[in-house]
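Colleague: One line per chain: the protein sequences are A and B, in this order.
The C-terminal residue of the first sequence carries number 1364 in my numbering, and the numbering is unbroken.
The C-terminal residue of the second sequence carries number 119 in my numbering, and the numbering is unbroken.
Heads up, some of the hints might be wrong.
Claimed, not checked - In silico SDA-like pairs for lysine to any residue, Cα to Cα no more than 20 Å straight-line:
| id | chain 1 | residue 1 | chain 2 | residue 2 |
| --- | --- | --- | --- | --- |
| 1 | A | K1328 | A | T1133 |
| 2 | B | K106 | A | R1340 |
| 3 | B | K106 | A | A1326 |
| 4 | A | K1328 | B | M116 |
| 5 | B | K106 | A | R1327 |
| 6 | B | K106 | B | M116 |
| 7 | A | K1328 | B | L98 |
| 8 | B | K106 | A | L1325 |
| 9 | A | K1328 | B | V100 |
| 10 | B | K106 | B | F51 |
| 11 | B | K106 | A | L1131 |
| 12 | A | K1328 | A | L1131 |
| 13 | A | K1328 | A | R1340 |
No lab work stands behind these hints, which were simulated from the structure alone.
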Amino acid sequence: MDLLINPVILYVGLAIGALGVLLALPRERVNPQLIGLILAAGGFGAVIIALALRGLDAAGLPNPHYYIFAPIAILSAIRVVTHQQPVYSALYFILTILASSALYLLMGAEFMAFALIIIYAGAILITYLFVIMLATQAPSETEVGALSPYDALAREPLWATIMGFAIVAVLTGMIAQGLPEIRPAGNETDQQMLLAELPGKVLDDLDAKRVFREMERPETEAIGDLYTIDAASRTMTLAVTPEAAGDLLERAEAEDRQVAKLLIGDGTTLADLRAASGAGGSVRLAVAPEVRVTNLDTVGWSLIAGHPLALEIAGVILLMAMLGAVVLARKQIEIGEDEKLARAAELGIHTGPTDQMDSVSGGGASS
Amino acid sequence: MTIASLAQDTIAAGMPLAELYHYLFVAGVLFGLGVIGFLARRNLIIMFLCTEMMFQAAGITLIAFSKYHFNPDGEVFVIFVLTIAAAEAALALALVVLLFRRKETLDASAWAMLKG
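Using the sequences plus the hints, can you model the full thing?
Modeller: Okay, structure coming up:
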């Protein structure tokens, strides 16, 4: 198989991008930020266009929206790194987050896309903004809008850029070489299989489509014990109790056979259902095409059923981080021994070892 | 094209190799920019912001491979990455506030000589 991208284009594009980032990094006096940004955009744009052309051959183009959001993500990431004012850096980082959550969406990970916006853009970045505003010196009155020296100057921009883009070049180059040897690891957990794994998913979906009435829910529980789902052929085998089948039939006839359309596949007719219910046998029903596993089902099932311990540990980590942050950020006030005593006397607390017994009895008497 | 149909089409079709590489490239560049920012900027807060950008790149990679392999574990791992990022942000920012109180500056090189 061909390489995923022409290595010459990849490395030249990355080198141009590196030059652009180097120019855009904050420096003294001459500050060719705009030129740097244009150069970087040109470099990365060339790589992405080359990728698109190669993808066109291999019929592997992503959704067209990719070509909007990927450049936004990269350009705003460059601004995060190069902007001289921390507040703007944080705001551009929010833009990066939004663009990459759009990329998540394009890949079909809706849950993580919105979780990313809520957690990152909504919570973490706001904390950053608070700290930026908290920990920035008030500008002196003589020079309004002046930058702190540590914001206005980059530290070793040349070596940092060379290092960073050496890493990018090695990563992307090596991945382009090695990726064709990685095959997708089967379809074991794809949605067809997952349909069988998710308990009650099909019944719940049918329920949501009001196939079963709410009052009948206890009876559908009884059905739930008696059904099996074959995911590969998307059929559900229902051991029909006469009552449940009677309900289904009643409903199918009352609703102009909507239920029949939804539930009953090619092999099964209403007459079959009626016959089976009479005999107390089982019916094979085709699962309606609307019933499918969503991204939320997949993530939720994998999280709770697959990684319960990790989930618990994540909770503990968050708790400890909260405690740690409180302990670290607490302001320690130095008070002398005399001040402590004076303050205690003010509050009416008896302290010290000498009058401890006294205070216990005295406290008891006074209250 | 609605969001739902976008997503479901992607799931049903699986992800071709060339498409996977598109996403990996963006992730790689974001990671590299994070490294550059961490090395080149002198503001402590921006340095931590750049580590968050590297987390972000890891997240894109995880989701891309998760979709490529039809394996939801990758997506679930992003949840844990977010958890760690949140914990790290809380602790790091508390540290930054602590350091700022000591020296009234956010310059990382002000702490070049660690003497407690």
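Colleague: List, from low to high, the hint numbers that the structure doesn't satisfy.
Modeller: 2, 4
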